[in-house]
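Asks: If you use my numbering, the sequence shown closes out at 392, no skipped numbers anywhere.
Hints in this document: simulated from the structure, not taken from any laboratory.
Each statement offered as a hint is correct.
Simulated restraints on C-beta separations: (1) Arg220 - Glu80: 25 to 31 Å; (2) Leu57 - Arg214: 19 to 25 Å; (3) Ile150 - Asp113: 37 to 43 Å.
Values in this document were obtained by computation on a predicted structure and should not be read as measured data.
Yeah, the Cβ is synthetic: ideal placement off N, Cα and C, and Gly gets one too.
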Amino acid sequence: MDQGQIDQAIDSYHRALQLNPNHAPAWNNLGLAFSKLRRYDEAITAFQRAVSIDPKYADAYNNLGAALVETKQLDQAVVAAKTAIAARTWSYSWKYGKTVRRTNLRNKLLPINPVLWLASRERWQLAGMWLIALLATGVFTLLILETPNSGWMILTYPLSLFMLLLYLGAASQSSRFFVDARRSGLIELLLATPLSERKIILGQWRALLRTFAIPVSVVLLLQLASSGLSHVSVRRMMAAAAASARAEKMSAVIDRGQILAAGKPRDLVLSNVFRYALEVRDVGDLTLRTTRNGVSAVARNNAHFYFAADAETLTPIMKEYEGRRRMIRLSNLEDVFLQLISDNESEPPAVAGG
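Take these sequences, add in the hints, and give me the full structure.
Replies: The following block contains the structure:
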């Protein structure tokens, strides 16, 4: 930054501090701007004001120590440095990372958009989202290895849970930066800078993308893959079940709740009636014809039924019913039903004798 830009920044910090004089980061940033111009006395005053507002502000203590060194106040610089070290608790390091990490992040994101840098400083957000994505990948891999046939269907539930966690995380973080900024007074500082409202919103949007884009994409791809493969597996299982059912299809002949016979349709027909049937309708008061060996007959519902192993055997009987509705066809389960209920009646149907 050239001197003109630094002067403009100092003016923005002053205007922001007029709106909120107890904003420690603004005092710290003001001190950094004075340090760049080598106005160390003013920088020391700004840093001291920052640590008086926030006694645990480690960065301000560190900057204060550097300014004191430049003014040869070494004893006070040592005290400031020790205080900075004491202020950097494990929770601070976990929240923002080590000095190297914070410096690299600031150098990378600050030139792009200051709000992008401010909203991306806390590393637990990114770490938490990546943890969810890694857990989802681990569960995906484990279930596929352990249950390759049914794993696709089981995966739908844990992946939906992981996606829900990501949705909740994105919803909670979408406005968190502005809530914290309003509470701490940072929003007034931002509005006092040359940043436009559009750039402020864009910075928050890019920070959300940086945090959630890749983890959400990973879980979403896993969920889509699981859903697609589950659909394919279900279709294969249904096809296999249908083929098995066709191969092992069973039927039953039932009369008044009683199972008369059960088995495969073809076996039922061949074991209870012959292969071919002669069906004669509207027989009126005609009686069953005398049958020969290998022919059975049933009278039912104004119709006569004759069964034989071949159609030629039934042809002579068919001629005796000249003028009636008649046809020779293959026997079916209805014929089995007629035969079985006739066998159960007190007067069995006429069957050819020897």
